[in-house]
Amino acid sequence: MMNIIIGQYVPGKSILHHMDPRSKLLAVFALIFIVFLANNWVTYGVIVILTLVAIVLSRVRLRFIYKGLKPILLVIIITFVLNAFFTKSGEAIFDYGWFHLTTGGLQQAAFISVRLLVIVIMTTLLTLTTTPIDITDGLENLLRPFKKLRFPVHEFALMMSIALRFIPTLMEETEKIMKAQTARGVEFSSGPLTQRIKAILPLLVPLFISAFKRAEDLAMAMEARGYRGDIGRTKLRLLKWGLKDSLLLLVVIVLIPVLVLLRG
Amino acid sequence: MKLRVLIVNGILAALYVAVTAVIAPFGFTNIQFRVSEMFNHLVVFNKKYIYGIVIGVFIANLLLSPMVGYDLVFGVGQSVISLLITILATKFIKGIWLRMIFNTIVFTFMMCLIAAELHLALNLPFLITWLTAAIGEFVVMAIGAPIIYMINKRLNFEKVV
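Respectively, the protein sequence lines represent chains A and B. For the first sequence, our numbering assigns the number 1 to the initial residue and increments by one for each residue that follows. For the second sequence, our numbering assigns the number 1 to the initial residue and increments by one for each residue that follows.
Looking at chain B on its own, in the form it has when it is part of the complex (with noise of 0.2 Å):
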């Protein structure tokens, strides 16, 4: 791994994490509301991101939720799958656009996973808290849609890393 493409990665984390703490401390829990969730839309412009997101979600969870240990198993796992389904995808997918939209299906779709974390640790109900997690994840990858496309107007972000 070339240590530019190491560095951007470490940076990006840590900005997921700060994201994460000082904008929404009230991400955690059934209804999930990161509004860090919207760098996920990094990785449609270079799939190199996927590092510094898997990290940023890793610590934010190993530091912040006070779910820890599900958190780092499941939450991770869900970012892990949906960014390799998309990076997949991509290949496929032309036009940022479309591939966005394709990314916010996934993640949404993938709280799933958050939903059968949150069943079997605290036998909540799957298909109430599938539905609530999922609404907080696709507001904000919708949201962060525009967003991160008017940033990576200033920024390229394809070619940073």
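Just chain A, same shape as in the assembly (with noise of 0.2 Å):
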């Protein structure tokens, strides 16, 4: 069970994997919601473009963005049949009672597939060429704004780190008492659900007591060594902007209007 990969992070040394994390988090914000001024052939082939283009630079495997895409073909698949099935638009190919298959859903099926397509590829690029701690100090630099409106800013990005931190710990914890309430005959994945419903007490139970008493120790570490908050901290990694990254940002501006004159 140990294959699941936490965090989908290829070290590499593309333009990617070297350009600010914030300049990529915004980018692939605001690219979430461009896609959908997509409603044509021709806005579609813009995005598909790009995508691809995205894909050249980040210099990254092919079969890591499949890995990606894998868990999500079956949601493209249903999603493709039911567009195609009950979209009624343009000429009929075949009718036969709740079943409607016309060209108008063909495409609309297409598009909707393709637009998923694009949005999947480009949050895996993100996972895939940025490490997720320089995700949360980019996410911290970007909501410094709303410290003004005594939002925690920095304290939601340390417990971010923390969590970031202790995810593998805690998952090989919970991996270990499975593991050992299994040899005492609990069954996890097999029998009937209310003993698989049973079985999760057992589990649950010392992965919370352990978990908290791994808060109590870095607790106490943390006082020991004089933590005071963000006031007067220095960062081991410094965030740096460059012009790799303004461009990046130029490119999703510009393509706001682009789309929208394009667009049927």
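Fair warning: there could be bad hints in the mix.
[What the hints assert, rightly or not] Using 27 Å as the maximum straight-line C-alpha spacing, the simulated DSSO-like pairs for lysine-lysine come out as follows: (1) B:K159 - A:K198; (2) B:K2 - A:K235; (3) B:K2 - A:K147; (4) B:K47 - A:K148; (5) B:K47 - B:K94; (6) B:K47 - A:K213; (7) A:K70 - A:K13; (8) B:K2 - A:K148; (9) A:K213 - B:K2; (10) A:K179 - B:K153; (11) B:K153 - A:K176; (12) B:K159 - A:K213.
[To be verified] If you only want the chain A side, here are some residues facing chain B, beta carbon under 10 Å, derived: (13) P132; (14) I162; (15) L170.
Just so you know, these hints were derived from the structure itself, not from any lab. For glycine and all other residues, C-beta sits at the position ideal for the given N, C-alpha and C.
Assemble the dimeric complex from its two separately framed chains, guided by the hints.
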């Protein structure tokens, strides 16, 4: 079960790897919404080309991108079928009771599948080329203006860093406890549903106890080292905004009027 | 925010992600079966757990969900809104069981946000999607209530943070 990779980061030296996490975060979040502007072959074409360029620039092996897409293939197929058979527009190709296959339906299904694919690829590229810690740093920095509204930005970033640090530890712990309980005859993945539900309790109790004990230890360690919040705190990794980051944002901004002009 | 609250919530978030990843790697798309969703009941004991749960949802969606972008906005949104409703309501609802039942209903109902997400992104039919998503959430939260209640007997969640 340990083959579940947490965070899909693949180390590399591509231009996307070297970009500032802030520009990547902004671009991806903007693109998720910008993709909705596309509504005909030309606009979808522009977006697909951009996605392909991003894949080439990331220099990530296609195998990794395919791995990110695999869990969602079924969703894409279901979406395609639902949209193809339940949209009525254009010429009819096939008509039987509830099912209508029309040219318009096929086109709609193709568009929505492409939209989903593009979004998944874009966000996969973000997590493939940015470490979770960089994402946290980037988010903390981007959310800084909210500090004025008394939103605890630094505290949130710290909680995220603590969480990221302890995820692998606690995953290992979860598996260890599962194995220990399996050895005692508890069934986690087979047997009747009621039994499997009961099996969760002897798993979660020791898990919570050990997690809270770790929290206790960490609190003591941090207090002993004099942690005082973000006042006067320096960083090991500094974010650097470069020309390529500005260029990326420029491309995203220019994309909006281009799509608006080209859409049908 | 006190250091203890910060750390306990950080670790709780990690626990949410770990449980999401290890116990149920089938919790995404429109049939949601995330065992870790039962952690939502923790706010019933102490409202300070909201940070850990929300961050847990955020990281789980960031690292594990194939629909990252949408899930970050709608999934986290659903958790934040539902948790806030429950926290506000706990002022008026006395008794852990009543609060847990209320919390289960709120989360089940708020799955409409997830259904809206899937409707917007994938053009899936809204009502059917809401129904399937809500069933999954309801089952996990309903089963989770007695489980979290029993764990609370051992750990006393109210006092931990």
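These are the hints, each one checked on the structure:
1. B:K159 - A:K198: holds (26 Å)
2. B:K2 - A:K235: Cα-Cα ~21 Å, so holds.
3. B:K2 - A:K147: holds (17 Å)
4. B:K47 - A:K148: Status holds; Cα separation ~23 Å.
5. B:K47 - B:K94: With a Cα-Cα distance of about 14 Å, the restraint between K47 (chain B) and K94 (chain B) holds, given a limit of 27 Å.
6. B:K47 - A:K213: holds (21 Å)
7. A:K70 - A:K13: holds (25 Å)
8. B:K2 - A:K148: holds (19 Å)
9. A:K213 - B:K2: holds (17 Å)
10. A:K179 - B:K153: holds (25 Å)
11. B:K153 - A:K176: Within the cut-off at roughly 24 Å; holds.
12. B:K159 - A:K213: holds (14 Å)
13. P132: Where the cut-off is 10 Å and the nearest Cβ of chain B is about 7 Å from P132 (chain A), the hint holds.
14. I162: OK, holds: I162 (chain A) within 10 Å of chain B, min 3 Å.
15. L170: With a closest approach of 4 Å, the L170 (chain A) hint holds.
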